[in-house]
Every structure is written in C-alpha cells, then in structure tokens.
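Using the hints, build the complex out of the two chains.
Sequence order for the protein chains is D and H.
Using this note's numbering, the first residue of the first sequence is number 1, and each one after it goes up by one.
Using this note's numbering, the first residue of the second sequence is number 248, and each one after it goes up by one.
If you're looking for bench data, these hints aren't it; they were derived computationally from the structure.
The model shown is predicted, which means the values in this text are computed figures rather than measured ones.
Where a beta carbon is used, it is the ideal one built from N, C-alpha and C, also for glycine.
Treat the hints with caution; some may be incorrect.
Residues from chain D that face chain H, not an exhaustive set, calculated with beta carbons under 7 Å [to be verified]: (1) Phe95; (2) Arg109; (3) Lys110.
Once the Cα atoms are required to be at most 16 Å apart in a straight line, the calculated EDC-like pairs of lysine to aspartate or glutamate come out as [claimed, not checked]: (4) D:Lys189 / D:Asp174; (5) D:Lys80 / D:Asp66; (6) H:Lys331 / H:Glu470; (7) D:Lys110 / D:Glu122; (8) H:Lys528 / D:Asp141; (9) D:Lys110 / H:Asp446.
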Amino acid sequence: MTSPVLLEASGVWKSFDDHAVLRGLDLDVHLHQAVVLIGASGSGKSTLLRCINGLETVDAGTITLDGDVTVTDPNVDLDKVRRRVGIVFQSYNLFPHMTVIDNVTLSPRKVAKIPVAQARVEAMDLLERLGLAAKADEYPDRLSGGQAQRVAIARALAMQPELMLFDEITSALDPLLVGEVLDAVRELKLGGLTIVMATHEMGFAREVADRVCFLHEGIVLEQGPPEQVFTAPEHAQTRDFLARVLA
Amino acid sequence: MTITTPAPGSPVAYKDPVRQALARRRARRDAFVGMASLVGFVVVVAFLVSRTPGWPAVQETFFNGQEFVDTFPGLLQAFLLNVKIFLIAEPIILVFSLIIALVRTLRAPIFLPLRVLATIYVDVFRGVPTILVILLLGFGIPALRLQGVPTNPVVWGTTALILSYSAYVAEVFRAGIGSIHPSQRMAARSLGLSTFQTDRYVVLPQAIRNVVPPLLNDFISLEKDTALVSVLGPIEVLRQAQIDASSTFNYTAYVGAALIFIALTIPMTRFADWVQARMSKRQRAGAVA
Numbered sequence: 001m002t003s004p005v006l007l008e009a010s011g012v013w014k015s016f017d018d019h020a021v022l023r024g025l026d027l028d029v030h031l032h033q034a035v036v037l038i039g040a041s042g043s044g045k046s047t048l049l050r051c052i053n054g055l056e057t058v059d060a061g062t063i064t065l066d067g068d069v070t071v072t073d074p075n076v077d078l079d080k081v082r083r084r085v086g087i088v089f090q091s092y093n094l095f096p097h098m099t100v101i102d103n104v105t106l107s108p109r110k111v112a113k114i115p116v117a118q119a120r121v122e123a124m125d126l127l128e129r130l131g132l133a134a135k136a137d138e139y140p141d142r143l144s145g146g147q148a149q150r151v152a153i154a155r156a157l158a159m160q161p162e163l164m165l166f167d168e169i170t171s172a173l174d175p176l177l178v179g180e181v182l183d184a185v186r187e188l189k190l191g192g193l194t195i196v197m198a199t200h201e202m203g204f205a206r207e208v209a210d211r212v213c214f215l216h217e218g219i220v221l222e223q224g225p226p227e228q229v230f231t232a233p234e235h236a237q238t239r240d241f242l243a244r245v246l247a
Numbered sequence: 248m249t250i251t252t253p254a255p256g257s258p259v260a261y262k263d264p265v266r267q268a269l270a271r272r273r274a275r276r277d278a279f280v281g282m283a284s285l286v287g288f289v290v291v292v293a294f295l296v297s298r299t300p301g302w303p304a305v306q307e308t309f310f311n312g313q314e315f316v317d318t319f320p321g322l323l324q325a326f327l328l329n330v331k332i333f334l335i336a337e338p339i340i341l342v343f344s345l346i347i348a349l350v351r352t353l354r355a356p357i358f359l360p361l362r363v364l365a366t367i368y369v370d371v372f373r374g375v376p377t378i379l380v381i382l383l384l385g386f387g388i389p390a391l392r393l394q395g396v397p398t399n400p401v402v403w404g405t406t407a408l409i410l411s412y413s414a415y416v417a418e419v420f421r422a423g424i425g426s427i428h429p430s431q432r433m434a435a436r437s438l439g440l441s442t443f444q445t446d447r448y449v450v451l452p453q454a455i456r457n458v459v460p461p462l463l464n465d466f467i468s469l470e471k472d473t474a475l476v477s478v479l480g481p482i483e484v485l486r487q488a489q490i491d492a493s494s495t496f497n498y499t500a501y502v503g504a505a506l507i508f509i510a511l512t513i514p515m516t517r518f519a520d521w522v523q524a525r526m527s528k529r530q531r532a533g534a535v536a
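Just chain H, same shape as in the assembly (with noise of 0.2 Å):
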C-alpha cells in the first residue's frame, strides 16, 4: 500500500493512516479492558455476596421469584396514583415558583409586603422537612373540619409537596434570573421596553433555558418524594409494598417498588444529562457576550 501525503495546503482534512489505525487499536483494546473489567467486578461481587452467612435468608424474604410475580401487577397499579400526584403537582410548582422568583426581584417599594412574604415562604419551606409539612398539613387540615375543606389525604400530600418543592424551585428560577448579565437588561430598556416587558421577553425567556437541567433534577427528586405521601395513608406504591409485606412478611414488594422508581428516574437522568451537555456544547460553540 502506498501512501500518498497530500501537498501542502491542499484543501483536505489529512490524518496519516498509520496514526489513525493505532488509536482505532487503542480504542478497541481500551473498550476491551474496560468490559473485562467490570464483568470481574461484578462476579466477584456476586460471589463475596452469596458467601455472606446471611445470604440464604436475605435472598428467601428480598429476592423472591414467586413473591415478586404476586405482588408486582398491585404495585404498579398503586404507582398510577404516584404518578398521578406527580404530574398534577410539577405544572403548578413551576408557575407557583416563578412567581415567586419574580416576586422577590421586584424592587419598587410599594411590593415590600409581597417580597417579604415570598422571601418567608422560601426560608420556612426550605427549611421544614418535606415529610413533615406532608404530616402537618394532611393531618392537620382536615382535623380543622372546615366546610368545604377537603379531607381526602392524597390532595393535602399533593399540597404539600407543591408547597415544599415551589420553595426549592423559586430559588432554581431566581438563580436563573441572576445568571442573565447586567447588559442585556441595559440593552433591553435601552430600546424603550418597560421593566416587565424586559422580564418577558429578555430576561425570562434566557433565564428559564439556563436553569432546564436543574430544573430537570428537581423533576426526579419531586418523582421519588410522591412516596412520602404514604405516611397518610393513601394506597401508592410504597403503601401497597408495606400491606404486601406485613401480610407475608416477605420484602419482596420493597425490591419491587425499587424497581418501579428506579425504571422512571434512570430514563429522566440520561435526559437530564443529555440537555445539560447539549446545552454546556452550544454554549461553548457561541460565546457572545
């Protein structure tokens, strides 16, 4: 084979071949170790694991076959009412804490009282366990027997989640908001546009796209907290694993549960990876000021 170098300056793109094919090499032989790699970190794993003296047991009231194809058709039906929860409480977290954001930037005097009792929202929100303002509210309320008032405990779960997760989320957006530099609000106003017409259409729109991949982390997290709705009883999937469990004093359900969670946050992850690498590249590839 003859290898040809292109004349200097011609107006291709030239690798030498014989570079090209020892990193191809490398890259094969680097794929090759990494696989070995994990597959003997896993068997050995598995090994040390079934030699534990426990092993037998864990394996009989965890990981059981028979146990699990009873209860998994049950679990994944209560898993609508998480979803349920879930997909009612994002929309209303994501305008309830822009709002909020928006709120605690106004600055003219006369929305004082507004920016104060946002910034008290945030503080005590972010500052109270989820768990237990899911506990307050859904036992609390309903205690209060007020005509009119809902007692079903999934509704106040949900409200309580919305009011937990719209603190943390205020402050994604807010951060969003102060991530857009000072020059394109000058640029903006220097047109002629108001202070909310800047927001709306400068301001906002940019802030909003900075902060997708937080945002999107906030999704998995509120995802996997619709579970903490249990402590009020409502049959969801971590509830119907606990009456699996208690009637067969078998863990399997648990483990099933698991599965459930796990199966919806791993494709929301790599999405949220996804978004945020898409977004760092673009970025990167058009730095303008």
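Same shape as in the complex, but just chain D (with noise of 0.2 Å):
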C-alpha cells in the first residue's frame, strides 16, 4: 500500500464496568482502501467503530485521523471529527419525524449551515446515486429495511466525509434486500471512499476488501489481503471462526 494513511488506532483499551472489550488494538486504514472487520459478536468490532469517531471515549492509547486530529484527545472538538467520519448503524436509526429528504439534508443545512436550495439538490443527487430519488418525501415508517438502510447511508454521505464506517449494517435485514445495500457500498468503494466496515457477509468482505481484519478478544489477531485470510489463515483461532460462519 503506497497511499498515506488516513486513521491510525494504536493500543486502544475499551472496557464496560469490568469487561474489557478493546485490548491494546492497533490499527491503520490507508485513504482509499476498504478495511472489512471480522470476527464473533463481541469481539469489539462495533466497539472499535464507535471509538473511532468518538461515540464512546478510549480508556487508553490514541486515534489519530488524517495524522493530525487526535479523536482520543480529551480536548478534541468531537462535532469536527464527526463531520469527517460517516457511520453507518445497524438499525438504520433514521429520524421518523422527518421525509427522507429532510434525514439527509438535516446535517448540511444544521451544521455545515449550507443553503436549503443547494441542500437539498445535493441531497437528491445522493439519492439518485443510490436509487431512492422517488422516495425523497416519503417519512422512514414507509421504506423497506433495504431502503431505509440506504438512505441511512445517504445521510451520513451528505456531510461528504473523508472516512466511512459500516457497522453490521446488513444484519438486521431481510436476506432479500441484503443485497442492495452491499452494491450501494460497493458503488462508494469503486469511487474511492475510505471505508472501514464490520460484517459478517463473508462473500462481499471477500470481494470488495482491501484489506480484512480478524477480531479476536479485543485485539487485530490477524490481518491481510482477502485471499490470504480466507484461505490460508495463520491462527488457529481465524480458522475456526472461519469455519463455522462459512460452514
């Protein structure tokens, strides 16, 4: 990898009340690159995420974006990070109060205070990219999983952040409509998006990683190109997690 790294974690701890989710996990995502983070529920992929843009505070060791803004820094202005890093939730968590063009547009016209016009011409190119220009003013109670899910994406797209982070978004829908929201990734990975994603689909981790991370007991117990963790794991431990989700 010759492009420059754009998030850097190292030695991050991460413990609720006694259980220590995150161990002295180090990690680099280069710009451009795709990073798929695999491993069993709990094993801190969600955790990590959530540490990286600033949702839940370190207990030690540093994360460093764009090698000059320190998220874990006490002192860091966490709205400005936010606005660099998109994420993406497994429960869509789209504002039901609002038509979906207004869940897109909420964040520019709020706090990137871009005109409402511009806003929203924005935004529906967004949602054309992603299939849903129809569905613009519909409230979220009216979309599919699937396609809640993409305007989920849409939304954290609109504050064109530098790094994108997918967590478990496929899992909470219909195996049907999995597969829509896996190509709107794919679109964003073609295109260039840094993305940092935790997944338990295999195949697309496969196809569209630069870069796969195997989570284990709170630290990147190995990591490579697909190819090589898919098929020829070091640790024991990789294989048979392998083993039983391909299984």
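Written as structure tokens, this is what we have:
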C-alpha cells in the first residue's frame, strides 16, 4: 500500500464496567482502502467503530485521523471529527419524524450551514445515485429495510466524509434486501471512499475488501488481503471462526 | 342465487357471502341487545331514585327548572373568567414546564445549580395541593404590600395554577424526552450535530409528539381546576353558583355550573382519546427502530 495513512489506532483499550472489549488494539487504514472487520459477536468490532468517531471514549491509547486530529484527545472538538467521519448503524436510526430528504439534509443545513436549496439539490443527487429519488418525500416508516439503510448511507454521505464506518449494516435486513445495500457500498468503494466495515457477509468481504482484519479478544489477531486470510489463515482461532461462519 | 368462488390465486379479496351475512346479522343483534340493556338500566335507575323518600326535596333543591333558567345566563357570563384564566395559564405552563424539563436533563457540571433548583421546584409544587398554593399566593403576596405588585386575586390565582401545573407538565415532558431511544441521539451526534441541535431537531420533536395525549389530559384537568380560584373571591362560575345558592337556598346553580364544565370537558376528552388512538395506530403501522 502506497497511499497515505488516513486512520491510525494504536494501543486502544476500552472496557465496559469490568468487561474488557478492546485490549490494546492497533489498526491502520490507508486512504481509499476498504478494510473489513470480521470476528465473533463481542470481539469489539462495533466498539472500535464507535471509538473511531468518538461516540465512545477510549480508556487508553490513541486514534488519529489524517495524522493531525487525535480523536482520543479529551479536548478535541468531536463535532468536527464527526463531520469528517460518517457512520451507518445496523438499526438505520433514521429520524422517524422527518421525510427522507429532511433526514439527508439535516446535517448539511444545520451543521455545515449550507443553504436549504443547495442542500436539497446535493441530497437529491445522492438519493438518485442510491436509487431512492422517488422516496425523497416519504417518511421512514414507509420504507423497506433496504431502502431505510440506503437512506442512512445517503445521510452519512451528505456531509462528504473522508472516512465511512459501516457497523453490520446488513444484519437487520431481510436476506432478499441485503444485496441492494451491499451494491451501494461497492459503488462507494469504487468511487474511492475510504471504508471501515464490520460485517458477517464473508462473500462480500472477500470481493470488496483491500484488507481483512480478524478481531479476537480485543485485538486484531490476524490481517491481510482477503485471499490470504480466507484461504490460508495463520491462526487457529481464525480458522476456527471461518469454519463456523462459512459452514 | 349462484355463488361463484374465484379461482385460487385470483387477485381479489374474496369473502364468503354466507359468512358475511351471518356476521352482519350478529352485529345487528349485538347492537340491539346493547341498546335495550342501556335503556333498561336507565329506566330502572330513574325509577329507584324517584322512589327514594327524599327525592321530591332533592328535585326541588337541585333540579328546579325555574331556578335553572334564572341562574344559567349569569353562570355562563361568570364562566368567561374561567376560560380566560385557562387560556392565559395554558401557554405559559407549556413553555415554562418545557424549560424546566430541559434544565433537568442538562448534565454539564456548570448547570448543577439550575438543575437542583428545577428539581426542588418540581418536588415542592407537586407535593403541595393546588388549592393550598392558591390560598398561600392569593392571600400571602398581596399582604406583603409590595410596591408595583398586583393585588388582584385573579392574577395570583392564575399564577398559582401555572406554578402547580408546570411542575406536573414538566414531568410529562421529561418522561417524553426519556422515551426517545438513545440510538436517535447517537445518530444525530454522529452527523456532527451539537447537543443543543440534537435536542432541538431530533429529540424534542419526537418527545413532544409522544406526550400529546397525557398533555391533553392535563389541559382538561386544568380547565376544571380554574374553579379553585373561587377561594380567593373572584366571581368565576363556581363563585357565582355559590352566590346564587346562598341567596335562594336552592342548589340548582351548582348543577348548572357542573353542566357547563361537562359541556367543555367531554369534547376535550373525546379529542384526547381520538389523538391517542390515532397515534398508537400510527406507531403500530410504522415501528421503525
């Protein structure tokens, strides 16, 4: 990899009460790379993503964005970090009292202070790309899970983030709807967006990832190109995990 | 009549006409039984009440037609004061209690004094009966003889209602804010919205919508409690009824006053029920996490 490092996590510790979730985890993400996090439930994938955009504070270690902003610095302006790092959750978390277009333009209008008309045009553009233009004026309760998740992606993209985090975004979906959401992520990857994605979709990980990281007991136990991790894993735990999910 | 069943897979909502006719007959029979039972019940109660030994005296004292005709216009006139108190108090209560509820959700250490004050306020005014607050303010504050402070009992009665009800309504708002799932706040923060923007655009609009039914209940309650201001002396509908009753020793005016309150609260209650039903239907229709 020759592209510069966009995200660097080093020695990250995070526990909830007495339960240690991240235990000195290191991770580098290079510009335009798609890094896929795999691992059992509870291995720390979601916690890591939440730490990266400051939704959780870390107990020790540092997370640095673009070499200049330290997310883990207690004095950092997290609102600024979050404008550069988008996140999409498993449960969509759309705002149910707003139409699709209002969901997507909320942050550009109120945080970036872009004029309403311009924000609308840009949001319609995004919705168009994600195949949702016809749903712009619907409320979230009228959308299918796949549509809702694509709106959530559009909403996160509307702030033009440098880095996108996807937290098991297809886990809550009907199997028939998983494809349309993964297609959207594939498009973003082809467009050069830097992505960190936690997923159980191993086929997709294999196809899209530049690098696969296997999280086990709070650290990245094994990482490498998908071919290597999936076909010739070094560690017994990785083999064991893959055997169970691919069975 | 020949009944043709559509072929399986036909794109129609087919219902067996025989079963439907049976269901209609049952519905008619249920409606008839219900009406008959209601009418029978009313007749029996009316008969029993009219046979009680004191009924002629009660009828004369509480349900005197002439007395009703004589006092009712005056009661309606006096009721305008109740309406006025209600219309002034309600918007102030809504704004004030929302502020109190928001202050109680502030977590930054700098706001600790405000939070403590808000908590004490809610504890005190929820703990004291409304009529006591009205008496204390209505007789206490004018007695201080402060320069520029109004002595009008209506002003202090209304203020007491505002203080008492705001404490309750603040708790309703607080419950509404608490009902919004933390993931909504998290999603808003992840988009770069500040705490204030998150409350303003994401949490409060949903929270307020969720508490509309209990808020309407409190409105209805407030509308009735405007009568408590009568203890301070202003001539609102209950005071007027007392004056009528004490001048003629006939209590029909009280029944008249009760009818006026009912005439206003029943539509309000039905409206609150309707809003609640509509909202729970909407929630069932679109349960999005």
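Check your understanding: Would the pair Lys528 (chain H) and Asp141 (chain D) pass a check requiring their Cα atoms to be no farther apart than 16 Å?
Key -> With Cα atoms ~13 Å apart, Lys528 (chain H) and Asp141 (chain D) stay inside 16 Å; holds.
*asked:* Min Cβ distance, Phe95 (chain D) to chain H: is it shorter than 7 Å?
replied: With Cβ-Cβ at 6 Å, under 7 Å, it holds.
- Message: Holds or violated: the hint that Lys110 (chain D) contacts chain H, with Cβ atoms closer than 7 Å.
- Response: holds (5 Å)
Please check whether Arg109 (chain D) passes as an interface residue: C-beta within 7 Å of a C-beta belonging to chain H.
At about 9 Å, which exceeds the 7 Å cut-off, the nearest Cβ of chain H leaves the hint on Arg109 (chain D) violated.
Does Asp446 (chain H) sit within 16 Å of Lys110 (chain D), going by the straight-line distance between their CA atoms? With Cα atoms ~13 Å apart, Lys110 (chain D) and Asp446 (chain H) stay inside 16 Å; holds.
Worksheet item: Given the hint that Lys80 (chain D) pairs with Asp66 (chain D), does the C-alpha gap stay at or below 16 Å?
Response: holds (13 Å)
Holds or violated: are the alpha carbons of Lys189 (chain D) and Asp174 (chain D) at most 16 Å from each other?
Between Lys189 (chain D) and Asp174 (chain D) the Cα gap is close to 23 Å, so the pair fails against 16 Å, i.e. violated.
Worksheet entry | Satisfaction of hint between Glu470 (chain H) and Lys331 (chain H), Cα-Cα up to 16 Å | Cα-Cα ~10 Å, so holds.
Please work out if Lys110 (chain D) and Glu122 (chain D) have their alpha carbons no farther apart than 16 Å. holds (15 Å)
In this structure, the hints that do not hold are numbers 2, 4, in rising order.
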